[in-house]
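Number of protein chains: 2
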Amino acid sequence: MSAKYSIGLDYGTNSVRTIVVNTANGREVATAVWNYSHGTQGVILSRDPNLARQHPADYVTGAEVTIKKALALARKAVKGFQPDQVIGIGVDTTGSTPLPVDRKGRPLALARRFAKNPAAMAWLWKDHTGVAEAAEITKLAREIRPQYLAKCGGTYSSEWFFSKIFHCLRTCPEVFEAAHLWVECADWVPAMLTGTEAPEQLTVGICAAGHKAMYSDAWGGYPDPEFLARLDPKLGELRARLCSRACAIDRAVGGLTVGWATRTGLPPNIPVAVGAFDAHLGGVASGIRPGTLVKIIGTSTCDMMVVPTGDKLADIPGLCGIVPGSILPGYFGLEAGQSAVGDIFNWFINYIQPLGKKVGTHEALSAEAARLAPGESGLLALDWNNGNRTILVDQRLTGLLLGQTLYTTPAEVYRALVEATAFGALTIINRFEEYGVKVEQIVNCGGIAEKNPLVMQIYADVTGRPIRISRSAQTCALGAAIAGAVVAGKKAGGFDNYPDAQRAMTGLKPKAFQPNPRAHIVYQKIYSLYRKLHDSFGTPQPSGSLYEVMKDLIQIRTEARA
Amino acid sequence: MSAKYSIGLDYGTNSVRTIVVNTANGREVATAVWNYSHGTQGVILSRDPNLARQHPADYVTGAEVTIKKALALARKAVKGFQPDQVIGIGVDTTGSTPLPVDRKGRPLALARRFAKNPAAMAWLWKDHTGVAEAAEITKLAREIRPQYLAKCGGTYSSEWFFSKIFHCLRTCPEVFEAAHLWVECADWVPAMLTGTEAPEQLTVGICAAGHKAMYSDAWGGYPDPEFLARLDPKLGELRARLCSRACAIDRAVGGLTVGWATRTGLPPNIPVAVGAFDAHLGGVASGIRPGTLVKIIGTSTCDMMVVPTGDKLADIPGLCGIVPGSILPGYFGLEAGQSAVGDIFNWFINYIQPLGKKVGTHEALSAEAARLAPGESGLLALDWNNGNRTILVDQRLTGLLLGQTLYTTPAEVYRALVEATAFGALTIINRFEEYGVKVEQIVNCGGIAEKNPLVMQIYADVTGRPIRISRSAQTCALGAAIAGAVVAGKKAGGFDNYPDAQRAMTGLKPKAFQPNPRAHIVYQKIYSLYRKLHDSFGTPQPSGSLYEVMKDLIQIRTEARA
Numbered sequence: 000m001s002a003k004y005s006i007g008l009d010y011g012t013n014s015v016r017t018i019v020v021n022t023a024n025g026r027e028v029a030t031a032v033w034n035y036s037h038g039t040q041g042v043i044l045s046r047d048p049n050l051a052r053q054h055p056a057d058y059v060t061g062a063e064v065t066i067k068k069a070l071a072l073a074r075k076a077v078k079g080f081q082p083d084q085v086i087g088i089g090v091d092t093t094g095s096t097p098l099p100v101d102r103k104g105r106p107l108a109l110a111r112r113f114a115k116n117p118a119a120m121a122w123l124w125k126d127h128t129g130v131a132e133a134a135e136i137t138k139l140a141r142e143i144r145p146q147y148l149a150k151c152g153g154t155y156s157s158e159w160f161f162s163k164i165f166h167c168l169r170t171c172p173e174v175f176e177a178a179h180l181w182v183e184c185a186d187w188v189p190a191m192l193t194g195t196e197a198p199e200q201l202t203v204g205i206c207a208a209g210h211k212a213m214y215s216d217a218w219g220g221y222p223d224p225e226f227l228a229r230l231d232p233k234l235g236e237l238r239a240r241l242c243s244r245a246c247a248i249d250r251a252v253g254g255l256t257v258g259w260a261t262r263t264g265l266p267p268n269i270p271v272a273v274g275a276f277d278a279h280l281g282g283v284a285s286g287i288r289p290g291t292l293v294k295i296i297g298t299s300t301c302d303m304m305v306v307p308t309g310d311k312l313a314d315i316p317g318l319c320g321i322v323p324g325s326i327l328p329g330y331f332g333l334e335a336g337q338s339a340v341g342d343i344f345n346w347f348i349n350y351i352q353p354l355g356k357k358v359g360t361h362e363a364l365s366a367e368a369a370r371l372a373p374g375e376s377g378l379l380a381l382d383w384n385n386g387n388r389t390i391l392v393d394q395r396l397t398g399l400l401l402g403q404t405l406y407t408t409p410a411e412v413y414r415a416l417v418e419a420t421a422f423g424a425l426t427i428i429n430r431f432e433e434y435g436v437k438v439e440q441i442v443n444c445g446g447i448a449e450k451n452p453l454v455m456q457i458y459a460d461v462t463g464r465p466i467r468i469s470r471s472a473q474t475c476a477l478g479a480a481i482a483g484a485v486v487a488g489k490k491a492g493g494f495d496n497y498p499d500a501q502r503a504m505t506g507l508k509p510k511a512f513q514p515n516p517r518a519h520i521v522y523q524k525i526y527s528l529y530r531k532l533h534d535s536f537g538t539p540q541p542s543g544s545l546y547e548v549m550k551d552l553i554q555i556r557t558e559a560r561a
Numbered sequence: 000m001s002a003k004y005s006i007g008l009d010y011g012t013n014s015v016r017t018i019v020v021n022t023a024n025g026r027e028v029a030t031a032v033w034n035y036s037h038g039t040q041g042v043i044l045s046r047d048p049n050l051a052r053q054h055p056a057d058y059v060t061g062a063e064v065t066i067k068k069a070l071a072l073a074r075k076a077v078k079g080f081q082p083d084q085v086i087g088i089g090v091d092t093t094g095s096t097p098l099p100v101d102r103k104g105r106p107l108a109l110a111r112r113f114a115k116n117p118a119a120m121a122w123l124w125k126d127h128t129g130v131a132e133a134a135e136i137t138k139l140a141r142e143i144r145p146q147y148l149a150k151c152g153g154t155y156s157s158e159w160f161f162s163k164i165f166h167c168l169r170t171c172p173e174v175f176e177a178a179h180l181w182v183e184c185a186d187w188v189p190a191m192l193t194g195t196e197a198p199e200q201l202t203v204g205i206c207a208a209g210h211k212a213m214y215s216d217a218w219g220g221y222p223d224p225e226f227l228a229r230l231d232p233k234l235g236e237l238r239a240r241l242c243s244r245a246c247a248i249d250r251a252v253g254g255l256t257v258g259w260a261t262r263t264g265l266p267p268n269i270p271v272a273v274g275a276f277d278a279h280l281g282g283v284a285s286g287i288r289p290g291t292l293v294k295i296i297g298t299s300t301c302d303m304m305v306v307p308t309g310d311k312l313a314d315i316p317g318l319c320g321i322v323p324g325s326i327l328p329g330y331f332g333l334e335a336g337q338s339a340v341g342d343i344f345n346w347f348i349n350y351i352q353p354l355g356k357k358v359g360t361h362e363a364l365s366a367e368a369a370r371l372a373p374g375e376s377g378l379l380a381l382d383w384n385n386g387n388r389t390i391l392v393d394q395r396l397t398g399l400l401l402g403q404t405l406y407t408t409p410a411e412v413y414r415a416l417v418e419a420t421a422f423g424a425l426t427i428i429n430r431f432e433e434y435g436v437k438v439e440q441i442v443n444c445g446g447i448a449e450k451n452p453l454v455m456q457i458y459a460d461v462t463g464r465p466i467r468i469s470r471s472a473q474t475c476a477l478g479a480a481i482a483g484a485v486v487a488g489k490k491a492g493g494f495d496n497y498p499d500a501q502r503a504m505t506g507l508k509p510k511a512f513q514p515n516p517r518a519h520i521v522y523q524k525i526y527s528l529y530r531k532l533h534d535s536f537g538t539p540q541p542s543g544s545l546y547e548v549m550k551d552l553i554q555i556r557t558e559a560r561a
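In order, the protein sequence lines correspond to chains A and B. First residue of the first sequence? That's 0 in numbering that gives the first Met the number 0, and the numbers climb one at a time after it. First residue of the second sequence? That's 0 in numbering that gives the first Met the number 0, and the numbers climb one at a time after it.
Because the hints were derived from the structure by calculation, they are not lab data. Owing to the predicted nature of the structure, the values given are computational and were not obtained by experimental measurement. Please note that the accuracy of each hint is not assured.
Any copy, or any two copies together, can satisfy a pair, since identical chains are not distinguished.
What the hints assert, rightly or not - Lysine to aspartate or glutamate pairs mimicking DMTMM-like chemistry, simulated, CA-CA at most 20 Å apart: (1) 138 - 432; (2) 68 - 449; (3) 524 - 558; (4) 524 - 551; (5) 524 - 534.
Go ahead and model the full structure; you've got the sequences and the hints to work with.
As structure tokens, then:
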């Protein structure tokens with residue numbers, strides 16, 4: 000029998016990639032990447048630092064360009080490779096990244112009238128313009144629907160589905176009115192590929208709905224119309240148009256259309272899996288199972304664990320969500336995360352540009368930072384440049400750097416920023432374990448885990464635990480390909496379930512980063528100082544004046560920019 | 000009668016300058032600057048960020064080179080100028096900058112044996128290696144000689160005379176043993192020029208002795224031998240070799256030696272005034288009088304006021320000193336200060352090098368920062384990269400920057416650092432007024448006041464007060480020249496007292512920086528947040544965990560570097 004292949008389509012913050020994977024062994028035989036053509040590195044920005052959008056035209060172009068290119072590369076890489084050996088497709092995207100669509104499911108931004116209106120584009124995961132609306136949703140839910148918050152950390156985030164839609168309603172009513180529906184990017188791309196984007200045909204994934212839109216079968220799906228109408232009657236009306244049922248990734252949304260088959264060279268009708276978030280499928284491709292914490296480390300992180308749905312599980316405050324079936328069917332998917340990791344390092348390198356663009360690269364500063372001993376710089380940072388997702392669930396927080404002398408160097412600052420993200424990571428591990436979810440193994444993946452051994456060693460030293468790295472360099476895309484293989488099924492050359500697919504298609508790199516016990520002792524001391532800062536600036540204190548400092552500055556900033 | 004001139008010699012952190020001034024109108028007819036040849040920009044550094052030394056060979060070379068050059072320039076600038084029209088010399092230096100000397104008053108570092116030993120050099124004002132010893136001196140004084148601390152802010156600083164000597168005794172006993180005496184740079188240079196450096200001939204100034212060495216006529220001069228011996232018997236022995244009496248700047252230490260006259264071309268025997276610190280003489284040249292706060296803004300600041308010695312004056316906590324005669328004879332000299340101002344901006348530009356050396360200059364970042372509105376960046380910093388002199392008197396503090404997003408720019412950080420120093424300045428103004436010393440006028444001077452209108456405007460907006468700039472661009476040197484004119488006396492073409500000399504030789508620039516009332520309102524809000532950070536990190540709090548954070552990090556840093 001000839002080899003079978005599955006395709007993973009991975010929509011990131013700056014680019015989209017397609018990989019072609021051998022289903023028998025997980026070998027990635029071809030990879031094609033396309034950088035989005037709109038905005039700054041694919042992100043539409045404005046003076047408001049909270050705003051971050053993507054243009055959906057990039058989603059369409061990106062699929063065609065990368066699939067074609069990946070197939071061409073596969074032909075070169077594998078003798079005799081034929082596109083009809085591809086048995087299925089999976090899709091992962093960022094999220095919550097909802098986009099407004101019309102009655103036919105067509106993104107509003109694709110209409111000339113809205114082509115340049117940021118409100119009509121996709122509201123990228125890291126868009127925080129809906130801070131006030133998130134607070135309003137949280138407040139109302141606390142009063143009348145506490146159950147909605149119990150599984151998403153007790154606070155509804157400005158990064159999430161309804162905060163964004165609500166903010167659009169408030170600030171750009173013409174777009175809200177023109178939108179028949181709002182669809183997560185993770186749901187829209189599979190619908191586009193299978194021609195099921197019309198609202199009556201649309202399939203939505205439990206991953207996005209459950210983690211970002213308060214969807215639960217326990218209360219009949221999305222939040223009830225009365226609740227939404229209390230926020231705004233128009234949100235109540237929108238409720239009736241939302242899908243009634245969300246599915247896990249073992250379901251296909253349909254078959255590839257003839258149109259897309261023609262555009263790409265793939266066989267028509269191959270199944271396209273229900274879409275999910277990049278991190279969750281990255282978790283799948285990192286071999287997630289009970290006891291294994293998978294951290295996808297990119298611009299931000301997603302920290303995931305799974306617990307069998309049969310087990311008793313407490314509500315864990317600060318988690319982004321506890322959703323049955325959101326990562327693996329049959330398991331609670333537990334999602335935590337850090338709002339910025341790579342983005343903080345990128346900010347320092349790209350915005351501050353220490354020592355200039357040519358000298359102050361990630362590589363150069365990492366190399367110099369690696370020569371420093373823990374604590375040697377005297378610096379300590381908070382990793383909050385983009386707010387704090389877990390455990391504080393608070394976007395109205397900002398970065399902090401402390402300990403500067405007159406001789407502090409860029410490499411010292413760089414290392415302090417890395418350490419800050421490691422302290423953030425440890426805070427999440429501690430939170431899981433405080434609530435009885437034991438972390439027995441840590442598997443990291445994503446670009447930083449791949450490329451920066453300094454970061455991984457610091458994570459090992461700070462957490463005092465070995466750090467393993469997922470074998471694949473493109474885990475999210477691999478997870479999507481695994482989903483493609485599972486929806487294709489064993490008969491077609493795929494798999495009938497995820498454990499079988501994970502066993503065949505995933506693995507870890509041989510090298511583990513082992514914690515250095517002496518470094519760990521120093522970092523334990525510094526972590527206790529980190530927690531002092533964390534708690535002083537991040538939580539209301541009885542005598543607490545500092546809790547308001549970052550928030551007041553954001554308020555003053557907002558007024559100054561108005 | 001032909002014009003008369005006075006010479007001011009100004010020993011700074013990185014260079015020495017000589018100016019030639021017309022005594023009739025304060026016109027500076029010639030200026031010569033020489034950059035010290037040792038160390039990094041004149042400062043000998045080490046891995047220990049607390050260490051900062053100068054090589055006394057630079058003091059000798061610097062006098063000869065700059066006086067000769069200044070006289071040559073004066074010949075070019077003024078038709079018929081003759082060096083014998085110079086009637087006196089004044090000297091100002093940094094401080095406390097003590098250097099160990101042998102029995103003949105010769106600096107140990109000029110001996111081959113010690114030429115490369117940093118402990119044998121001059122211990123520059125910003126050297127903080129004596130932190131532990133400063134704490135010990137403070138502790139002992141609190142117990143048995145509280146009066147010693149009452150006039151110097153309640154804490155003896157690591158920047159000061161005895162902390163440095165004591166630290167040398169502890170860490171480099173061979174230098175301590177070889178030193179017959181320790182002499183402030185401000186006293187050693189006039190002694191060198193007049194051949195009075197032998198300990199039995201040495202004259203010391205009240206400015207250095209009173210502000211940095213707990214000297215007071217009220218208790219018989221320097222701290223008593225019993226007190227010093229309790230610190231270490233060898234310090235007790237040193238006491239007997241210290242000068243018994245300190246003088247104000249209306250006294251001459253002697254006449255210029257024939258040797259120095261020959262080396263420089265000046266007439267022999269012209270009087271050289273008692274030396275004083277740069278800032279104090281800068282205060283004189285800025286027209287200091289009761290009600291006028293003079294801020295000398297350079298790498299650090301010195302903030303000075305005078306109060307008639309007849310007035311009742313409270314001990315003001317946090318001030319560096321309250322010393323009769325230290326600025327003007329007949330007035331208490333009140334000295335406060337910020338441990339780093341220009342040094343913080345220089346750190347950002349020279350060490351972090353945002354946007355690279357060529358793009359991220361002071362000029363470019365100031366220009367961009369000037370386009371920002373107060374509060375627009377959302378940033379807030381503490382100006383503690385070099386500790387805090389007034390009002391906390393604590394070197395074990397470090398910098399802090401808060402409010403960073405993923406889009407924070409170098410110009411925003413630059414502005415936040417400027418604002419932080421303005422908040423530090425306001426804290427000092429408030430402290431003076433809390434203790435009944437009314438600030439009716441603010442006169443700034445120094446390089447930053449001269450060159451950076453953005454900084455001056457921010458100071459006006461933050462303080463809500465007009466900011467005037469001293470007319471001279473080299474006030475400290477001008478103050479030294481005024482001292483030279485006063486010790487020369489009216490008969491020789493100088494003056495018999497300081498008010499007369501100030502009236503003739505000093506002035507303000509016509510432009511005043513007026514506070515923008517709207518900016519001031521925003522800054523009042525931000526200042527209240529600054530004070531929250533200031534008090535949380537800078538003072539022991541009842542429930543206070545943050546007070547220890549910077550100190551613990553310094554302790555961890557010290558251990559990591561050991």
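Quick rundown of the hints versus the structure:
| no. | hint | verdict |
| --- | --- | --- |
| 1 | 138 - 432 | neither (28 Å within a copy, 46 Å between copies) |
| 2 | 68 - 449 | neither (24 Å within a copy, 61 Å between copies) |
| 3 | 524 - 558 | between (39 Å within a copy, 12 Å between copies) |
| 4 | 524 - 551 | between (30 Å within a copy, 9 Å between copies) |
| 5 | 524 - 534 | within (16 Å within a copy, 23 Å between copies) |
Figure legend: structure checked against the earlier numbered hints; hints not met, in rising order: 1 and 2.
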